[in-house]
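A.B. asks: Each chain is listed here by its residues.
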Amino acid sequence: MQNDIDGIRGKVRAYILENLLFTSDASQLDDDASLLERGIIDSTGVLEIVMFLEEEFGIKVKDSDMLPENFDKVESIARFVGRSMGTA
Amino acid sequence: MRPQRLLHDSLLAACEADGGAAKNAVIVEGRAHTYAELFDAASRLASALHDRGVQRGDRVAIYMDNTWPCVVSIFATLLAGGAFLIVNPQTKSDKLAFILEDSGARVLLTDAHLAKEYRAALDGVRAKPAVIASGMSADEAESFDAVIANAVPLRQRMPTIPLDLAALIYTSGSTGNPKGVMQTHQSMAFACGSLVEYLRLGPEDRILCALPLAFDYGLYQLLMSVRLGATLVLERSFTFPAQVFARMRETRVTVFPGVPTVFAMLLAAHGREPLSFPDVARVTNTAAALPDDFALRLREVFPNALIYKMYGLTECKRVSYLEPELVDAKPGSVGKAIPGTEIYLLAADGREVPAGEVGILHVRGPHVMLGYWNRPGLTEVMLKPGKLPGERVLCTQDHFRMDDEGFLYFVGRTDDIIKTRGEKVSPVEVENVLHAIAGIREAAVVGVPDDVLGQAIRAYVVPNAGASLNEREIRAQCAARLENFMVPRDIVFCDDLPRTTTGKVSRKALLENPPA
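Those sequence lines, one after another, are chains A and B. Numbering of the first sequence is given in the working numbering, commencing with residue 409 and proceeding in unit increments. Numbering of the second sequence is given in the working numbering, commencing with residue 543 and proceeding in unit increments.
Simulated from the structure, these hints should not be mistaken for lab results. It cannot be assumed that every hint is accurate.
DSSO-like, lysine-lysine: derived pairs with alpha carbons at most 30 Å apart [to be verified]: (1) B:Lys658 with A:Lys481; (2) A:Lys419 with B:Lys658; (3) A:Lys481 with A:Lys468.
Here are the computed distance ranges between Cβ atoms for each label pair [said to hold, decoys possible]: (4) A:Asp440 with B:Arg791: 13 to 21 Å; (5) B:Arg699 with A:Lys468: 31 to 39 Å; (6) B:Arg1041 with A:Lys468: 47 to 55 Å; (7) A:Asp440 with B:Ala574: 23 to 31 Å; (8) B:His812 with A:Gly466: 40 to 48 Å; (9) B:Met543 with A:Asp439: 52 to 60 Å; (10) B:Asp1037 with A:Asp433: 42 to 50 Å.
Positions of the beta carbon are idealized from the N, C-alpha and C atoms, including for glycine.
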């Protein structure tokens, strides 16, 4: 399971770096940084991440799941995906 | 009854009303603060501002998210006799430096998590403001909480009169640099009164604000709410709609202000999982036209709400609104002048335009700005001699037509300003950033139609011969220097740009005949 989370986290981080920060420099993004406070995500940014997760991991993200506790950090996104895949 | 001459008289009146002091003034991300708390914190910060050199008429910059400290800072500045200016927290250091320099702000009130940007900005400012930051600060900025805890509440009334500046509201200009719209206590207090009148709001209302307080539409939700002694439900943004919806239900929000992009997202969410907010009694739209079919579908989500279509510009706060009962009878119209004001259409030569013909919208009333801070030339373009000697009316430069009953219809803008997600974007501002990128010879920016955004930003880029440039690098540099909503969605590489006969790049031709 831990391996899965590590793999998910890596993919999520890479996606955000590439598509929202436009870089591949991993030092630009800590897993525990608030994406909102860093100004990395806004409403369209969240939707982009959701579309990526649905496509990449085959999960279904409900509107009611789109909350800061699930989406404000790379770490919380990875855990959310892990839970969603576990229950799918 | 206390007269409402100054913008912050509303706060004093709200505290003095029966039961007013104990009433919730704002609920910020679920946490409630009473009017007494707001007055106490603002009075303390006001005396702290005096201690840091703020005198009557001085500007105080507020570079913060939608938070309790931001609300306190607004009223503290007014109580101290100063004029506030709110900078969107997405603003990057170069633009922040420009605004700090232009306004001559004596104090910068900010959030610790914005340190990277504000510190870089301060390097470029000659007269450094004192800095007070909320949250965990890692630098020399004073702590917002400590400053408030250590200050003695200001008891003295400042000699402010209604003609004094209350705020500078920075807005995008077609020249690329933002300009500060000067609004006095009189103009803002008047606008507040007019708005709550036609929106038919009262002290029992709970008004949602998830729009940035840096945007005057967001700011006025707070000002109206305090004016009424009502409760503001303040959210950071619409980034997490499910959270905003939950809070709306918890606090039984009665007023929902949005822009078309917000309504598009709301309706899309409604399409996936039905939404209903029966407590909401007013829905308002401005910043860009609300498509007619939106109004229809919004009734499913807000079954008990009156829907207001409005039009405005920062230079007079708001121009017009359509009575909600007429939404079906007058499709496409933004209604008539707000109470206490007048609007008319003039041709370019100054003659009055008959009903049905297109003219330039002019606005007359106490809500019209005093001018642009430090920009007498630009002020001359927008404020023209009026009907009475010495009076000035606002020439909006926007094209409208009026039907034979005096209802107003938007036709188009006369400048190149792009409206995306309800925000005004100057193409020049984006082009300036593109031109600074090594390898770009030339760039032009236009707005293209988009169902959700209103307009999306498209950049046409001509690279230097042999330059290796890719979209990602360009976006990265834009994101480092521009607010998120200004970063081009589309980047199109081309060999050359279409020009006018005088050799200037033609944005019009780019829209009509896009380069392959």
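A.B. asks: What hint numbers does the structure not satisfy?
C.D. replies: The structure conflicts with hints 4, 5, 8, 10, although it agrees with all the remaining ones.
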